[in-house]
Amino acid sequence: MKITFTINGKPATVDVDGHTPLLWVVRDMLNLKGTKFGCGKAACGACTLHVDGEAVRSCSYPVKYAEGKRVTTIEGLSEGDQLHPVQQAWEEEVVPQCGYCQPGFMMATAAMLEKIPNPTDDDIDKNIVNICRCATYYRMRKAIHKAAKIKAANG
Amino acid sequence: MTNASEFGTNSSSKTKDKSSDTTIKINDTPFDKMMAVLTHKRCVNCHPSGDRPRQGEDSHIHNFDVQRGEDNHGVAALRCESCHGHENNDFSGVPGAPEWSLAPIAMAWEGLSRVKIAKSMLNRANNGNRSLDEIVKHLTEHELVLWAWEPGVDAEGNPREKPPVGKEEYIKAVKEWAAGGAVIPEE
Chain A
1 MKITFTINGK PATVDVDGHT PLLWVVRDML NLKGTKFGCG KAACGACTLH
51 VDGEAVRSCS YPVKYAEGKR VTTIEGLSEG DQLHPVQQAW EEEVVPQCGY
101 CQPGFMMATA AMLEKIPNPT DDDIDKNIVN ICRCATYYRM RKAIHKAAKI
151 KAANG
Chain B
1 MTNASEFGTN SSSKTKDKSS DTTIKINDTP FDKMMAVLTH KRCVNCHPSG
51 DRPRQGEDSH IHNFDVQRGE DNHGVAALRC ESCHGHENND FSGVPGAPEW
101 SLAPIAMAWE GLSRVKIAKS MLNRANNGNR SLDEIVKHLT EHELVLWAWE
151 PGVDAEGNPR EKPPVGKEEY IKAVKEWAAG GAVIPEE
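Those protein sequence lines, which keep their order, are chains A and B.
Be aware that the first sequence starts at 1, since it is given in this note's numbering, and climbs by one per residue.
Be aware that the second sequence starts at 1, since it is given in this note's numbering, and climbs by one per residue.
Rather than coming from a laboratory, the hints here were simulated on the basis of the structure.
Among the clues, some could well be false.
Across the chosen pairs, the derived CB separations fall in these ranges [as the list claims (entries may be wrong)]:
| # | chain 1 | residue 1 | chain 2 | residue 2 | range |
| --- | --- | --- | --- | --- | --- |
| 1 | A | E54 | B | K167 | 27 to 33 Å |
| 2 | B | E176 | A | D125 | 34 to 40 Å |
| 3 | A | Y100 | B | E99 | 33 to 39 Å |
| 4 | B | K167 | A | G18 | 25 to 31 Å |
| 5 | A | G99 | B | E99 | 45 to 51 Å |
| 6 | B | L132 | A | D52 | 47 to 53 Å |
| 7 | B | K137 | A | E75 | 43 to 49 Å |
| 8 | B | A182 | A | N154 | 55 to 61 Å |
Covered stretches of chain B, going by a simulated chain A footprint (3 or more residues, C-beta under 8 Å) [as the list claims (entries may be wrong)]:
| # | segment |
| --- | --- |
| 9 | 51-61 |
| 10 | 138-145 |
| 11 | 170-182 |
Where is the CB? At the ideal position from N, CA and C, for every residue including glycine.
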């Protein structure tokens, strides 16, 4: 079936089985490799991207549900050369170790900050439940607080 | 077999009553049949008494510290729909149905006897101000309720357990119970 949506602001149409995970479409058909495959069962969050601004686990998101919607991946998080506050903070706090899971964390964080501009540690614990095998959680927590401040300063 | 009392968190909820036997006998009443379904894990897992859903055949607390959130659909960046779609995903093992969410806390059933569940269900203060007809409609037509008979498979491909009463028999029992005056037996 043909499915049309926007990917990082650009129109895209794919002809694929509607049950195909959005993750496979993004990575293998649209060649955007930033979104990662981790567990394949919506557990680890490495595949997190945004659909109409909401964080979703794309490994378990049939692409047919993306019809007519806005899909944003880590490649589309920044606006041109201007890094997203989450990306700035991640860089400044030198968060990643191996880095594999980080796009998912950053997308989940960006979604959270749209609804909770100044998250507490408890907000972070309840919203950002992705898994990082390098255990960079402490640095991520610092980066999330910093991203909130950068975002607020940017207005 | 699982029963409502097993979901309880206090000692009183461990009391054995008729609800502990979910093996449906041919001459069980419509109430018995209805409550055998409503106290099943496929229903109660998302009618928790707290702010965290349960999941699985053993009704463990939902992985990843999933939270109810203000609208019963999760929190800002971890919505129910972050993972659960409008239908089961048998590739990932993530179950899904329209309006996948927790029941409001006023409709908490976990740990309640079947009599208390039934009373709560008919109480407009708890049931979203639904009339009996609206309750029957919800119980017999809502896709999320009827998902219990199409629960899909888990991440390992194992079929999820269905309620102990068949769907058509359950629907018939709910309607008969309502038509008979929605009588709730004494505890």
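Structure-based check of each hint:
1. A:E54 to B:K167: 27 to 33 Å: Given a distance of about 32 Å, which is inside 27 to 33 Å, the answer is holds.
2. B:E176 to A:D125: 34 to 40 Å: Since E176 (chain B) and D125 (chain A) have Cβ atoms about 47 Å apart, the given range 34 to 40 Å is violated.
3. A:Y100 to B:E99: 33 to 39 Å: For E99 (chain B) against Y100 (chain A), whose Cβ atoms are near 34 Å apart, the range 33 to 39 Å holds.
4. B:K167 to A:G18: 25 to 31 Å: holds (26 Å)
5. A:G99 to B:E99: 45 to 51 Å: At roughly 37 Å between Cβ atoms, E99 (chain B) and G99 (chain A) fall outside 45 to 51 Å, so the hint is violated.
6. B:L132 to A:D52: 47 to 53 Å: violated (38 Å)
7. B:K137 to A:E75: 43 to 49 Å: holds (46 Å)
8. B:A182 to A:N154: 55 to 61 Å: holds (58 Å)
9. 51-61: Not satisfied, violated; 0 residues make the cut.
10. 138-145: Violated: only 0 residues of the segment 138-145 of chain B have a Cβ under 8 Å from chain A.
11. 170-182: It is violated: at least three residues are needed, and the segment 170-182 of chain B offers just 0 whose Cβ sits closer than 8 Å to chain A.
When each numbered hint is compared with the structure, violations occur for hints 2, 5, 6, 9, 10, 11.
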